[in-house]
Amino acid sequence: MTERLGMHTLTEGRGLLFGGDYNPEQWPEKVWAEDAELMRAAGVNLVTVGVFSWARLEPEPGKHDFGWLDRVLDLMAANGIAVDLATPTASPPPWLGHRWPETLPVDEGGHRLWYGSRNQFCPSSPVYRERALAIAGALADRYAGHPALALWHVGNELGEVCHCDVSAEAFRGWLRARYGDLGTLNEAWGTTFWSQGYGDWAEVLPPRRAPYIVNPSQRLDWWRFSSDALLGHFRAERDVLRARTPDVPVTTNFMGFFKRADYWSFAAEEDVVANDWYPEPGDPLSPARTALTHDLMRGLAGGRPWLLMEQSTSAVNWRPHNLPKPPGQLRLESLQAVARGADGLCYFQWRASRFGAERFHAAMVPHAGADTRLHAEVRAHGQELRGLAALAGEPVPARVAMVFGWENWWALEERGRPSDRLNAVDQLLAYYVPFFERGVSVDVVPPSADLSSYALVVVPNLFLVADGDAEALSAYVRGGGVLVVGPFSGVVDPRGHVRTGPFPAPLREVLGASGEEWLPAPDDRPVRCRWSGGAEFTASTWTELLRAEGAEVVAEFTEGDLAGRPAVTRHRAGPGPGEGPGEGPGEGVAWYVGTMPEPAALGALAARVLADAGVEGAVPELPPGVEAVRRGEVLFLLNHGATTVRVPLQEAAEDLLTAAPAQDAVTLAPRAVAALRRLP
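Residue numbers (our numbering): 1 to 680.
By construction, these hints were calculated from the structure, which means they are not laboratory data. Since this is a predicted model, take the numbers as computed values, not measurements. Hints are supplied without guarantee of correctness; some may be wrong.
Cβ pair distances, simulated, as ranges [said to hold, decoys possible]: (1) Gln-650 x Gly-625: 16 to 22 Å; (2) Ser-286 x Gln-383: 23 to 29 Å; (3) Asp-65 x Trp-114: 20 to 26 Å.
Quick reminder that beta carbons are idealized off the backbone N, C-alpha and C, glycines included.
Full structure from sequences and hints, please.
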């Protein structure tokens, strides 16, 4: 991420950003003036334009029609509305696939996917790359210096994967660069198994549909390659834009925990981290899942502010059953993003489409028009965001980190493992919820992160771990940190090869415990456990045959073949190698959890590890359903529950949203939010 450009480039002079996707090409020009007037009334100061406009901008190869877009950008500039101008390369026009069918993607079974929808391109296609860079360059040439242009938006929700012959050749090139020769590749992929040894580079293919389980090491490299192919295309478009407009930041929109692209690698290459997020109204874990996703975006941004590029004002159209948002929900969710570091709140889309696949997707201006409850909510929220302008750029401090990496995700969820019930994101969320419920802010960091600033590091799962990352975790504990490691961790190396010996092999010493067997549990029977203090709890799905090797047994299994065996251990780590007593920076604590405890037990575990780390929540007594998070000097309280609650305060404050004072407590109705700044 560049030092010069970022969210501050956009918010300076504007405050928090507010707006959404604007698709004027879907409407007669007479509607555009009304749009601009309504945008001003709603406090809109940023719109995304051109995401799916390639066929309109270039109706045939090399022939451009920019006149309509000129008028749109001029209209936005005249009304003081900044434009996030997209390269339209996420949805090529029919002429590209018709004239050059090799640009169309091929799925794992060898079937070509056709135009008539969107995202129909092969990321490795030279023809697609040439045409995409040409339209990106033409846009940059025309609009460089335009007063409305504030941000470039490359493509849209990059996630395409292609298994065609062009992709196969590109994959072979990627593998040559990684391994150098076939001998090293064969060793990395373990091709002595099932007679898979390769004697010629031409034999190496993407993982296509096969009679049985495909080589997991091959698939792991395919995940890496596919992500890198998308990243390579992003870089190519970005470089075209930067060369012509070096003072305009560049972004692309992420999709939360999206498996196909390693967002840690993308975030390092863009100026602004942006995300599209659509909470499920019927999901009871939605508030925590959303908070975790926002924390991921803040982590991707290196702790700096980020942009919520897309959300929905109400129901989406792509779920089987699309629940609407009740009154106040759009405001609640938008302010939740602000509380967790967002400096921009945008929606898909400005005006609801009359035709096409998303005609029943909610918008800022619904089909019924501006004189509606929904648009009134949009206007009111846009106006109140102006009162929070001073929050732009403010950090969200956190003393707890949770480790999450895409390579681990890819490796963990391959076929042929002891159980498919252990899911990387679900495991992360399960460990995150108790901290969310206690008002403890969490940073999401990659396995390679510098952990020195955190009092507590939680690793819900690290199935794949590099030697250097394992050593960094051990050094963190030896330096005085508190570490929690979840089950089925430290199992394979970056090639996907199992580490032999007691597990988790590279973390065994710092954990003071080891295991010899993974024992998935029956689906229909909970696993009974007991804390050392006598309280009982249940776990599910997963158990491990563990032994303590210096660690304290904090919980044990109480029945079956594992009765009396450790379930949770706690190890006070001594000085590092070569250090005598008192020579190191301090003793840390390492916990290992060899099962999947029920939510209440994970809550009890969270309380104990927070006590070890000396970390407290933002509010001492937080009622159920209330989220508490500090951003800068402002304490946000958000009531996700169904009842009115009273939240005790430690100091007198002023609510920035209502200008009302709060003394010893604040009362929150359902879906209400308070943004409290301490009174002097």
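How the hints compare with the structure:
1. Gln-650 x Gly-625: 16 to 22 Å: For Gly-625 against Gln-650, whose Cβ atoms are near 20 Å apart, the range 16 to 22 Å holds.
2. Ser-286 x Gln-383: 23 to 29 Å: holds, 26 Å
3. Asp-65 x Trp-114: 20 to 26 Å: This hint holds: roughly 25 Å between Cβ atoms.
The structure meets every hint from the earlier list without exception.
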